[in-house]
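Colleague: Offset between the sequence shown (1-based) and the working numbering: plus 141.
Calculated directly from the structure, the hints in this document are not laboratory data.
A virtual CB, placed ideally from N, CA and C, is assigned to each residue, including glycine.
Check each hint, because a few of them may be wrong.
What follows is a list of derived Cβ distance ranges for each label pair [what the hints assert, rightly or not]:
hint, residue 1, residue 2, range
1, Gly353, Gly274, 35 to 41 Å
2, Arg194, Asp371, 49 to 55 Å
3, Pro233, Asp371, 53 to 59 Å
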Amino acid sequence: MHNSFAASTAFHEDWPVAMDQALAALAMPAGANLGFIYFTDYYSVDIVEVLDRLTTLTGIRNWVGTSSLGVIGQAVAAQNQPGLSLLVAGLPEGSFQVFSGRDRLPNTLGTDAASDQPYFAVVHGDPATPDMGDLIADMATKVSSGFITGGLAIARGDAPMIANGVLHGGISGVAFNEQIVITTRLTQGCCAVGPMHVVTACDQNVITEIDGRPALDAFLEAAGTSLGQDLRRAARYILPGLGIPGRDDADFRVRNVIGLDPTNGLFAINDNIAVGQRLRFFRRDADCARADMMRMLTELRDSLDQAPRAALYISCAARGANMFGDDNTEPGMIAEVFPGLPTAGFFAGGEISHDQLYGYTGVLTLFL
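Could you put together the complete structure from these sequences and hints?
Modeller: This is the structure:
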């Protein structure tokens, strides 16, 4: 079967109306057998009925997705509005498998043990589940590429997920074998500031020394004269990026500053850190985020030998209008670089790329 995709997005306070609008705009692929559904938490109370009706109207039995504060489509997105975003695909039988805590991911997806092993997965996680970072890292070991993408549900109340049924807790999603060609990139919305550093003294999440001197001195140098005069403001814009063991010098996990102590020359972040870990400071603002997003998109486009067929885009709920002033900015940039590309996604409470859980990032997954 030739891989084919279609996507649509609709917003309406009544979910049946939104569904009808989305389906009317959807050019259903022949042999469609997998669907992604992302829905805002306005629909969460009725999600069992939503999934039942969607399955009946489309005939697609395999659905994965999650609740969110906002959904993303082709050149459009909105947070804090009732809406849903759909991506449907017609894929070769045996090329994918929906999984959850109830239905574990098998070692092979088809009949050939060598070629049909899970290669890549799109996963959704419940933010209330303890040790989510460890679960994500473990999930990445279950696919032969070691690479997964996805995001955490987020809602003002109940945060259901979908994996051939409605569920809560843990992680779920869909795995693909190597018949489905996928590429992915991450944008952290930051510009590097200053040189690479090494943490020389710390206690759990408190950094006391960087390069053998008070940690706050290094932070203030990165902040510069203007920002450094207002520590609270500086902490919103200047963020530490932690080097990921075993990765190259360009790979960092950006974290937030959650406390500053000028008296003792230290600061605290929202992650544990180890002596000897690489650290680099980053500036996050709308201009940096826009530039990094465009860099990611153009580098990805220029690396491809063929046009992508569809995209999933997962963005932090703190991005969108909160960062750019308009929820449409990111999907608009995707549509600018990849015109007409069927796209679906959501605003997440944490973004998943490779084997790590990130924040304030955008994760783009392309089906080729």
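Colleague: So, for every hint listed, does it hold in this structure?
Modeller: Against the structure, the hints come out as follows:
At roughly 29 Å, the beta-carbon separation of Gly353 and Gly274 lies outside the given 35 to 41 Å, and the hint is violated. Between Arg194 and Asp371 the beta carbon distance is about 52 Å. The supplied range of 49 to 55 Å therefore holds. The supplied range of 53 to 59 Å is met by Pro233 and Asp371, whose beta-carbon atoms lie about 57 Å from each other.
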